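There are 8 protein chains.
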Amino acid sequence: MSEPDPRTADLGFARVDVDRAARTGDPEVVYGEGKTPDQVVAILRTLHERHPDRAVLATRLSPDALAVVARDLPDAVLDPVARAATLGPIPAPTGTVAVVSAGTSDAPVAAEAALTIRVHGGGVDRIDDVGVAGLHRLLAVRDRLAEADCLVVVAGMEGALPSVVGGLTGVPLVAVPTSVGYGASFGGLSALLGMLNSCAPGVTVVNIDNGYGAGVFAARVARQSAR
Amino acid sequence: MSEPDPRTADLGFARVDVDRAARTGDPEVVYGEGKTPDQVVAILRTLHERHPDRAVLATRLSPDALAVVARDLPDAVLDPVARAATLGPIPAPTGTVAVVSAGTSDAPVAAEAALTIRVHGGGVDRIDDVGVAGLHRLLAVRDRLAEADCLVVVAGMEGALPSVVGGLTGVPLVAVPTSVGYGASFGGLSALLGMLNSCAPGVTVVNIDNGYGAGVFAARVARQSAR
Amino acid sequence: MSEPDPRTADLGFARVDVDRAARTGDPEVVYGEGKTPDQVVAILRTLHERHPDRAVLATRLSPDALAVVARDLPDAVLDPVARAATLGPIPAPTGTVAVVSAGTSDAPVAAEAALTIRVHGGGVDRIDDVGVAGLHRLLAVRDRLAEADCLVVVAGMEGALPSVVGGLTGVPLVAVPTSVGYGASFGGLSALLGMLNSCAPGVTVVNIDNGYGAGVFAARVARQSAR
Amino acid sequence: MSEPDPRTADLGFARVDVDRAARTGDPEVVYGEGKTPDQVVAILRTLHERHPDRAVLATRLSPDALAVVARDLPDAVLDPVARAATLGPIPAPTGTVAVVSAGTSDAPVAAEAALTIRVHGGGVDRIDDVGVAGLHRLLAVRDRLAEADCLVVVAGMEGALPSVVGGLTGVPLVAVPTSVGYGASFGGLSALLGMLNSCAPGVTVVNIDNGYGAGVFAARVARQSAR
Amino acid sequence: MSEPDPRTADLGFARVDVDRAARTGDPEVVYGEGKTPDQVVAILRTLHERHPDRAVLATRLSPDALAVVARDLPDAVLDPVARAATLGPIPAPTGTVAVVSAGTSDAPVAAEAALTIRVHGGGVDRIDDVGVAGLHRLLAVRDRLAEADCLVVVAGMEGALPSVVGGLTGVPLVAVPTSVGYGASFGGLSALLGMLNSCAPGVTVVNIDNGYGAGVFAARVARQSAR
Amino acid sequence: MSEPDPRTADLGFARVDVDRAARTGDPEVVYGEGKTPDQVVAILRTLHERHPDRAVLATRLSPDALAVVARDLPDAVLDPVARAATLGPIPAPTGTVAVVSAGTSDAPVAAEAALTIRVHGGGVDRIDDVGVAGLHRLLAVRDRLAEADCLVVVAGMEGALPSVVGGLTGVPLVAVPTSVGYGASFGGLSALLGMLNSCAPGVTVVNIDNGYGAGVFAARVARQSAR
Amino acid sequence: MSEPDPRTADLGFARVDVDRAARTGDPEVVYGEGKTPDQVVAILRTLHERHPDRAVLATRLSPDALAVVARDLPDAVLDPVARAATLGPIPAPTGTVAVVSAGTSDAPVAAEAALTIRVHGGGVDRIDDVGVAGLHRLLAVRDRLAEADCLVVVAGMEGALPSVVGGLTGVPLVAVPTSVGYGASFGGLSALLGMLNSCAPGVTVVNIDNGYGAGVFAARVARQSAR
Amino acid sequence: MSEPDPRTADLGFARVDVDRAARTGDPEVVYGEGKTPDQVVAILRTLHERHPDRAVLATRLSPDALAVVARDLPDAVLDPVARAATLGPIPAPTGTVAVVSAGTSDAPVAAEAALTIRVHGGGVDRIDDVGVAGLHRLLAVRDRLAEADCLVVVAGMEGALPSVVGGLTGVPLVAVPTSVGYGASFGGLSALLGMLNSCAPGVTVVNIDNGYGAGVFAARVARQSAR
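Those protein sequences? They're chains L, Y, G, P, F, E, C and X, same order as listed. Counting in the UniProt record's numbering, the first sequence runs from 1 upward without gaps. Counting in the UniProt record's numbering, the second sequence runs from 1 upward without gaps. Counting in the UniProt record's numbering, the third sequence runs from 1 upward without gaps. Counting in the UniProt record's numbering, the fourth sequence runs from 1 upward without gaps. Counting in the UniProt record's numbering, the fifth sequence runs from 1 upward without gaps. Counting in the UniProt record's numbering, the sixth sequence runs from 1 upward without gaps. Counting in the UniProt record's numbering, the seventh sequence runs from 1 upward without gaps. Counting in the UniProt record's numbering, the eighth sequence runs from 1 upward without gaps.
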């Protein structure tokens, strides 16, 4: 048997990596999917005790998990739209990420991206409901797009928004396909393929509904662009 | 054995339907894929003899087939970009279809659609190279789009153009995905899925690279809209 | 921050586009999927107040949403088969769309298409239960098919009906694949592919179960064909 | 090491099963794909020597292989459309299989099925070019369909023909999808799915372009139906 | 509006084809999926009244539908494993179909096939639990396989059973893939592909879990083989 | 007809966008796929004349196109591994992008990314042949990874390298799947899916073999990080 | 009808193979999916009575089945994480299999593999939570990996762990993809493809979530390596 | 820039890993796909010079590469069926792997596996042409299967052979799907899925056509089983 590893905390049901910040500069995160509300609370508490000076983020929380977190961790801040919670002080924003979404149904993913960016030290400018079938709304915010350090563009269905936004500006752009749609959207596959095949150069893509991953990436870009 | 059918012409290697016009009002068409140049010539000649008063269309012609048609049927008119040829008088245009394409590589499919529309009695307004990553070109032709009786919108890669065009106007719109792209475009599948999931209502779709099918449909709409 | 946009109404949980009619000539529509019954009611009411002179359409309503709409908006007209509701006067019909369906299970999609056509100003002729395995029913309605300005053909399983109908007449035809089937129907993919590969020229296709999109398109064709 | 097996002939590059007839009552067959012309000739010769009283069938022969077979085995009978050859006496026909095909491009597969049926002892009635977009041709042969002991229905693109034929008669029906098509036909996948989802009961399906397999099956049904 | 069709019965929620027997010689069938228990009862009753002399079959019945059928139609005979019911006299068996299944989980599909065969006039020999990983069971029933007029072979997972059975005998064989499995079985796709690619010639395939379709086909073969 | 657009140059076979730099700050690029060598030369020459002060990039050049460019444009600089050429002065590097590749076969894509980065104003540190099956090579370059402003990680087969690199450092990381592999790599699909599902947060992905797109993005990040 | 087979036990709802040990040397196993708790108990009891001297294993047990087994078979030993139970003495371990898992969510599959190995006579060394994004944990256990007779490596998402482990040691390695993930993980397909395309030679793969199959295989290798 | 790594040899076009044996105990291997004949020769020569005492293996060699290797490295031993070559002494065999193949077309993959096993120190027993449609051949070699230390089972089309072999014996079994087949075999996908879903426990699978990977794995198992 190997020695206990000082870089992990053993909770019985999980060995928690409490050393990630040292390696990558990012805060600790709890991925809530498939965990019981009590497990989420236990991990949040452990990570917060090790790093009381910076926020811990919990994502993909069920309504039950959100309620238990609210009850057991009164200092936690809940974001029901993002299905997420934070515990501990959120850093001051460095740089700006514009989080752009196509439709109302994309709001949970956009909110997860926005909160992740804030927890990872970036600033956020939210621009919602600017789908490609109503260009006037998008053209009206052209300046806000150009002033950002990074763009996170969230869209479901055909996933066309990143191509249009990417043609308007040269700001680094991360596209997030969502599972919004039905039939031949195949759970977000259509939006994913659309974004991977974007005719606008310099568009990168993350997994379907992965607002968290896009947020981590964009915050890194925003922080180092503004330093 | 059944009686010879007066509605077909037996050429040995094929029984040609010479009665389609009576059923659907459309001209006769030869699909060149998988046929030898001599077979294309033989079918064109047969159909032209039966219907000397209206054009016969041959599509998907290889360079060899185009050359043999040019040599053996001097009255045929060739369209090398569309990989197509016609024999016999093309009807006067009724109504207008705007054929819109995203990029230079989409030209063969757009040209096939345009020629098909003309042969089927519609008028054509070609609008090329108006990809979504350069919106200014598209916005500059907004009036031409609105004045058409039907739109045929051709695009490969992410296939976003029909969504943007469909948001600008209420004209009936047929989207044609092309196999232009690489990698995760999967031979046009990405563009096809994008168009099927368009967030703009009232977008219909045909098979990948099927400029012919879109042209037949659009010409029918244009003709009856203008009658 | 940008100025409030007079073309949208901000309801807190959504910014509603109240300007679509000006751009495309179409009525306002609420897509009910993923919205709470109260949100559906709020958007219907807002859109109706802005445009009391023409119908607003709500689609993809759950049984709960239908019940809440009935309770809170007594002037709304419900169509339970289509899972839809309308509020405000439906326009007089211009032109005729024949809505053809293959089997009893396709009824919800056919009903959604038919109601959409009516709300968008087209007239409707419903032709149900004319699957390709019983040709006699289909041949009996051949004249009704030929007299329409546009056809909407709804079918699941192998999706063969549009090919057969498309061979009988030259009327513009929009095919709607449904998710009816099991096993290798893959949620409507089989019907979708069948329709995209139709051997009848001039068949266009919309997304799986997208009766609404087919209806918008067909109504536009019928209106301009009959003007 | 095991003993030489009297039921196989070892040709160095292959061990040929010369015992199949005893097990299944079927003649010997050489699948030509991936074999050199000389290998095809060698196997044909070996099988013919073992069973001079009944035909050996070679399928999927390249033009080169057909030429070498013609040169080296002058008693062989070639069928270039079916890309096949036979050596030895073909049995008298027992029962009748109607081989129905949708379009000219499906001819190679239909011819392979027809020749296979003959070699396996069934009789054949060929019915070609009866695609679903021209129902009149199909309705004209309704009696021939009903009089057969088994139907082999060959179609590419959307693969709708078996559904229509299957609705006209209760004769056992084997459907053969072909790779004819382009774009979203995905090499015959669309036709295959269409046939598997047929709304006509009692339709069975074989692999794409597998005229041989359908022929073996249909001949068995025809032989035992007529005995 | 067209005239009432004497070949259909209009029940309000469905137009029932009461003429199929005249066209194909098969009994009437109610596909229970997506129908309410009351609708199943109503259709069964109507079909039985029109054809009291032969059985009507209802398939894909939910436990609720089975219970309501038992309560409202006391003369109906239920087969809970097959999730099916019959009403009216089942014909005397003509010929024999061996229904072979690989594992216990395949029982519902095998039972649906067996009942369908009986209702369509064929005789049945059930051979269960003879998966390819235990060849001794399969080799023990070799004679029963060879004596049948047709084989229906039901298997999930890798779907290998038809290839092994097809190598043992030359009896016509219909393979039925089932959705039994997990992970990369993809809901029966793996078994379906395995059967379509069988190395044993003369294997035909139906849709995943389609015991009914296989039964219709096999009964037709058995009846005409034994006549 | 619309007025000539001063932002495009009409070459007959294409309308070239000569205004992209003004919109996005990026240089002009010619995508060589599907263009004749003469067309590539013509577009390169036109773009160079409009913007003699900065490099024009041509990618996806066939060996023929590379040869014709070398012959007709003696000032062009060729990069045969990247299948690319440049014309005009390459800007001084701002910031650093580490371009990391897994195997020798990934070299063309890595080279395309590296050249694109240089043309777009970023600096490059190439790190090759550091596949995950030989961790010692990767661990040896850990410092170079951490010092970069952005990482481009190129890998085929299972596409695991970005996950391992992403766990070593918090630098923004763009993953490029390549089509290197066979069988179940499905032309790069396996690597693409692996990268999209990376367990390392903050990994973004571009299309298969899209070294160009990754390069554009990474150069933007590097430039603004170093400003 | 055939004779009762002494190698099977007929329980009415299933014929149980009680002879597998004689053929393959493996213990009897009950696959619980799709079986009622009472059926699981009945089969466990029958197999235990026939082979009281060695353990019977039941896998894929629902919480209900686990509870009924605990109640009705007090001698059974339950493993809730593995969703499994055993009845009868587990053999002494021969050789060692290291069961390595990437994340907490992979625990059920790793536990199923571990228990299967023990029941099949192998010894187990569990190594958990060693995902590729935190290499230090993996490098810390390098010696344990090298000392094993076989490795079972369990991972979801991108499935990269087997490639990294396979590069560290030459011990035979079986990779198990899990369905852990979301979006483009497509139920474990991404991990499966990643493992099949591993750049580390000598990696073999089993079905998604198939801890049982990997365990059977690894125990066989460990037993014969240590004999 | 980092120091030269003593564990690699830099050939300009590639950095060759000359240290693998120390890590995994396996010989060096050159994967020929995508390399020029001269590159293959150069790498073979370099690896042989570093390790003259043991064989180097080159796989996936084109006919050109085989010819150049024969010309430039007269001591190399060529295996044209396996498309491979070795240079240096092959070790004495330890243990036995039975390499079983289904059909003649699978020979190249079986030969690659067999040669790989020999080069990696295992002994080989080849058993060819034992497809599941002719069980008698397979049952005749049952003893040879049971006496092996490991089985490599190679099959295309439906990939059923591993299930049947795996049911006959408890020897560890590695299945290799091949791309042999057409139509719905989808380049070996059907065989791959069949093997992953095998109903025989303890079957593991490698990539399509990956005889090399299976050979590496099987040799490791055979060596440690016989030590």
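Rather than coming from a laboratory, the hints here were simulated on the basis of the structure. Quick caveat: nothing in here was measured; it's all calculated off a predicted structure. Glycine residues also receive a C-beta, built at the ideal position from the N, C-alpha and C atoms. Some hints here could point you the wrong way.
Said to hold, decoys possible - Only part of the chain X face toward chain P is listed, based on derived beta-carbon distances under 10 Å:
1. Tyr31
2. Gly34
3. Thr36
4. Val77
5. Thr104
6. Ser105
7. Gly123
8. Gly181
9. Phe186
(message) Of the numbered hints stated earlier in the document, which are not met by this structure?
(response) 1, 2, 3, 4, 7
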